[in-house]
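Sequence lines, in order, name chains C and S. Going by the working numbering, the residue at position 12 of the first sequence is 12; the numbering climbs one at a time, nothing skipped. Going by the working numbering, the residue at position 183 of the second sequence is 183; the numbering climbs one at a time, nothing skipped.
Honestly, I wouldn't trust all of these hints.
[Claimed, not checked] Sample of chain S residues at the chain C side, in silico, Cβ under 10 Å:
1. Met-1
2. Ala-5
3. Leu-90
4. Asn-199
5. Glu-201
6. Met-210
7. Pro-211
8. Pro-213
9. Gly-224
10. Glu-282
11. Leu-286
12. Pro-371
[What the hints assert, rightly or not] Short, incomplete list of chain S residues facing chain C, as computed with Cβ under 10 Å:
13. His-28
14. Lys-117
15. Ile-203
16. Val-207
17. Gly-209
18. Val-257
19. Gly-276
20. Thr-279
21. Pro-289
22. Ala-292
23. Asp-372
24. Leu-373
25. Thr-374
26. Pro-375
Derived from the structure by calculation, the hints contain no laboratory data. C-beta atoms are modelled at their ideal positions from N, C-alpha and C, and glycine is treated no differently.
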Amino acid sequence: MIKAAEKVYDCLHRERYRYALGSAVDDRLLSQYGDTSAFQVSVYDARHLLPQARVTFQVQPQDGSFLINGALGLDYVTITYLRDARIAATRAAQEAILARLP
Amino acid sequence: MFDFAEFGYDFATDRLVVGGESMILHCHHYNCFLQRSIQDAEYIDSAPILVGAAAETAFAQLTNLLSQTPDISARKATVEALYRASGFGLIDLNTITPEGGEVRTRSTHYSTGWKEKFGRSQTPVAFFSTGFLAGALAAIYRLDPANVQASQTACRSTGADEDVFSLSRGPANFALFEPRRDVVLVAVGNDPEPATSVNREGITRAVAGMPLPGNAAGLITAFGVYLTRMYADYYNRISFAFEQQMTTLAGRQGVDVAAKLFIEAGHVCAFNTFGGIMTSAEWDALVLPMLATREDWVFGIVGCVNALGWGTWKVLDVTPNGATFRIYNDYESVGYRRMYGTADHGISYLATGGAAGLMNLVYVGDIRQKPDLTPELYNRLFKRGRGFEARMTACQATGDPYTEIRAELAEAVQGGHRLEGASVSA
Numbered sequence: 001m002i003k004a005a006e007k008v009y010d011c012l013h014r015e016r017y018r019y020a021l022g023s024a025v026d027d028r029l030l031s032q033y034g035d036t037s038a039f040q041v042s043v044y045d046a047r048h049l050l051p052q053a054r055v056t057f058q059v060q061p062q063d064g065s066f067l068i069n070g071a072l073g074l075d076y077v078t079i080t081y082l083r084d085a086r087i088a089a090t091r092a093a094q095e096a097i098l099a100r101l102p
Numbered sequence: 001m002f003d004f005a006e007f008g009y010d011f012a013t014d015r016l017v018v019g020g021e022s023m024i025l026h027c028h029h030y031n032c033f034l035q036r037s038i039q040d041a042e043y044i045d046s047a048p049i050l051v052g053a054a055a056e057t058a059f060a061q062l063t064n065l066l067s068q069t070p071d072i073s074a075r076k077a078t079v080e081a082l083y084r085a086s087g088f089g090l091i092d093l094n095t096i097t098p099e100g101g102e103v104r105t106r107s108t109h110y111s112t113g114w115k116e117k118f119g120r121s122q123t124p125v126a127f128f129s130t131g132f133l134a135g136a137l138a139a140i141y142r143l144d145p146a147n148v149q150a151s152q153t154a155c156r157s158t159g160a161d162e163d164v165f166s167l168s169r170g171p172a173n174f175a176l177f178e179p180r181r182d183v184v185l186v187a188v189g190n191d192p193e194p195a196t197s198v199n200r201e202g203i204t205r206a207v208a209g210m211p212l213p214g215n216a217a218g219l220i221t222a223f224g225v226y227l228t229r230m231y232a233d234y235y236n237r238i239s240f241a242f243e244q245q246m247t248t249l250a251g252r253q254g255v256d257v258a259a260k261l262f263i264e265a266g267h268v269c270a271f272n273t274f275g276g277i278m279t280s281a282e283w284d285a286l287v288l289p290m291l292a293t294r295e296d297w298v299f300g301i302v303g304c305v306n307a308l309g310w311g312t313w314k315v316l317d318v319t320p321n322g323a324t325f326r327i328y329n330d331y332e333s334v335g336y337r338r339m340y341g342t343a344d345h346g347i348s349y350l351a352t353g354g355a356a357g358l359m360n361l362v363y364v365g366d367i368r369q370k371p372d373l374t375p376e377l378y379n380r381l382f383k384r385g386r387g388f389e390a391r392m393t394a395c396q397a398t399g400d401p402y403t404e405i406r407a408e409l410a411e412a413v414q415g416g417h418r419l420e421g422a423s424v425s426a
């Protein structure tokens, strides 16, 4: 569930939003992007170095139309959208995924 | 695929050396601002310096990396992969021969970054890529760079569809520099630092190990900017060669002008890269759980800085009114000594601007609230009102055992900008 969507200034002239979510991010979000032919998911776990740290992730489709940055356990994600003709559809699709989360 | 992780980050000196070249992270804001600052001095012919510095570093590194690779196709593939992994963009070297050739691409860090930052340019801007390709041609075919020519004939920053680079044989049309010498790094001192619960070494190791994947265009988008893993000595050469020419033209006044420009570039770097890091989800995930006070934010970002390959930064003291940063083997000092020996004045300009910048972000801009990193905020933090000024109180390039930067809160100068500078002289 999206509690709030805050537009964030982006110096690369993309559109970036910080989405506050109804609950902490967990694996259910990443499972939406499990198709490795369509999405590049990069997960980074540094808890062996920083025990209090959370596992971070980036999700990017092959066409580069958006970039998700977040971490498991945080209650928000940031999504940056490429400005192109499909931006409205891309944004709607990603927001629909977030809306389906608890 | 070229993987920088295979070369291993040296946590004893906080440097990443690849093929004999120190590689450091900087963003397109810094890259483009530094280049424009140099180019704006129209009375200096800067293009040969910008191209020559890139040719110098790329040739040295690639000659080293390709020494065990006899096959030409494999040599070209390594160069293409390194270029892409560094965030410089995309290149296809299949078209080049020992006589040169033409390289066309739709993605170049400087062309893209320049257009994003400054808008459309009147003239080509990808001097770094031009020089890189000159150095690459020479390294791939084992040529003397003094007999290679390179130019950019089209640039996407001007509105063209592609960047086009032309390579040929002939007397070099860029600056050639005296060989750099080996330099001994200093041991990092065991300095007393304020007590903090922030695990700076853990942060450094975590950030240094973080993957920075490039996109399909060979660009690294991270922390809201385009990042590059650039040659430290590219920055050093273009900065110090420019400063030398300014000195030739205007004596000590030339040094002062160059210092102001380069310190300003440090502000730009801090604002965008440090600001981008401290407002990122990665910061919230890795660093934020350890931060209780504003001072902790300074310790936390210094832990990140030490993962950029810039040398080892320490915080000797920090309060809302000032801070002292001691830096061992700052890349500017190391590069200066490699190129020119002992300096007669402080030259750690990026560190000076960076120190003021991070203090402004934490104590004036209240980066904890995740403000938008707009040009308006930049101007408020660095051009108007109260803000931090920094000065070098020691510099390794002058023979000091470390570089030290003191940043202090200063009031606005009536009717003018705040002033900063390099106060160290040998």
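Against the structure, the hints:
1. With a cut of 10 Å, the hint placing S:Met-1 at the interface with chain C is violated, because the nearest CB-to-CB distance is about 13 Å.
2. Proximity of S:Ala-5 to chain C is violated relative to the hint, the smallest CB-CB distance being about 12 Å (cut-off 10 Å).
3. With its C-beta approaching chain C no nearer than about 13 Å, S:Leu-90 sits outside the 10 Å limit, and its interface hint is violated.
4. The criterion of a C-beta within 10 Å of any C-beta in chain C is met by S:Asn-199, whose closest approach is roughly 6 Å, and the hint holds.
5. Interface restraint check for S:Glu-201: the shortest CB-CB distance to chain C comes to about 9 Å, inside 10 Å, so the restraint holds.
6. Against a cut-off of 10 Å between C-beta atoms, the interface hint on S:Met-210 holds, since the closest Cβ of chain C lies about 6 Å away.
7. Given the 10 Å rule on beta carbons, the hint for S:Pro-211 holds: about 6 Å separates it from the nearest Cβ of chain C.
8. The restraint placing S:Pro-213 at the interface with chain C holds, with a minimum CB-CB distance near 6 Å, inside the 10 Å limit.
9. Because the smallest distance between the Cβ of S:Gly-224 and any Cβ of chain C comes to about 6 Å, under 10 Å, the interface hint for this residue holds.
10. The closest approach between the C-beta of S:Glu-282 and any C-beta of chain C is roughly 5 Å, which is under the 10 Å cut-off, so the hint is satisfied.
11. Checking S:Leu-286 against chain C: minimum C-beta separation of about 5 Å stays under 10 Å; hint holds.
12. Checking S:Pro-371 against chain C: minimum C-beta separation of about 9 Å stays under 10 Å; hint holds.
13. With its C-beta approaching chain C no nearer than about 8 Å, S:His-28 sits inside the 10 Å limit, and its interface hint holds.
14. The restraint placing S:Lys-117 at the interface with chain C holds, with a minimum CB-CB distance near 7 Å, inside the 10 Å limit.
15. At about 7 Å, the closest approach between the beta carbon of S:Ile-203 and any beta carbon in chain C falls short of 10 Å, and the interface hint on this residue holds.
16. The restraint placing S:Val-207 at the interface with chain C holds, with a minimum CB-CB distance near 8 Å, inside the 10 Å limit.
17. Annotation: interface hint on S:Gly-209 holds; nearest CB of chain C at approximately 7 Å, less than 10 Å.
18. Given the 10 Å rule on beta carbons, the hint for S:Val-257 is violated: about 27 Å separates it from the nearest Cβ of chain C.
19. The beta carbon of S:Gly-276 comes within 9 Å of a beta carbon in chain C, closer than 10 Å, and the hint placing it at the interface holds.
20. Because the smallest distance between the Cβ of S:Thr-279 and any Cβ of chain C comes to about 8 Å, under 10 Å, the interface hint for this residue holds.
21. Because the closest C-beta pair between S:Pro-289 and chain C is about 4 Å apart, less than 10 Å, the hint holds.
22. Taking 10 Å as the C-beta cut-off, the interface hint given for S:Ala-292 is violated, the closest approach to chain C being about 12 Å.
23. Hint status for S:Asp-372: holds, given a least beta-carbon distance of 4 Å to chain C, under 10 Å.
24. This hint holds: S:Leu-373 has a C-beta 6 Å from the nearest C-beta of chain C, less than the 10 Å allowed.
25. Here the hint on S:Thr-374 is kept, as its CB sits about 5 Å from the closest CB of chain C, short of 10 Å.
26. Residue-level restraint check for S:Pro-375 holds (minimum Cβ-Cβ distance to chain C is 9 Å; threshold 10 Å).
Against the hints set out earlier in the document, violations occur for numbers 1, 2, 3, 18, 22.
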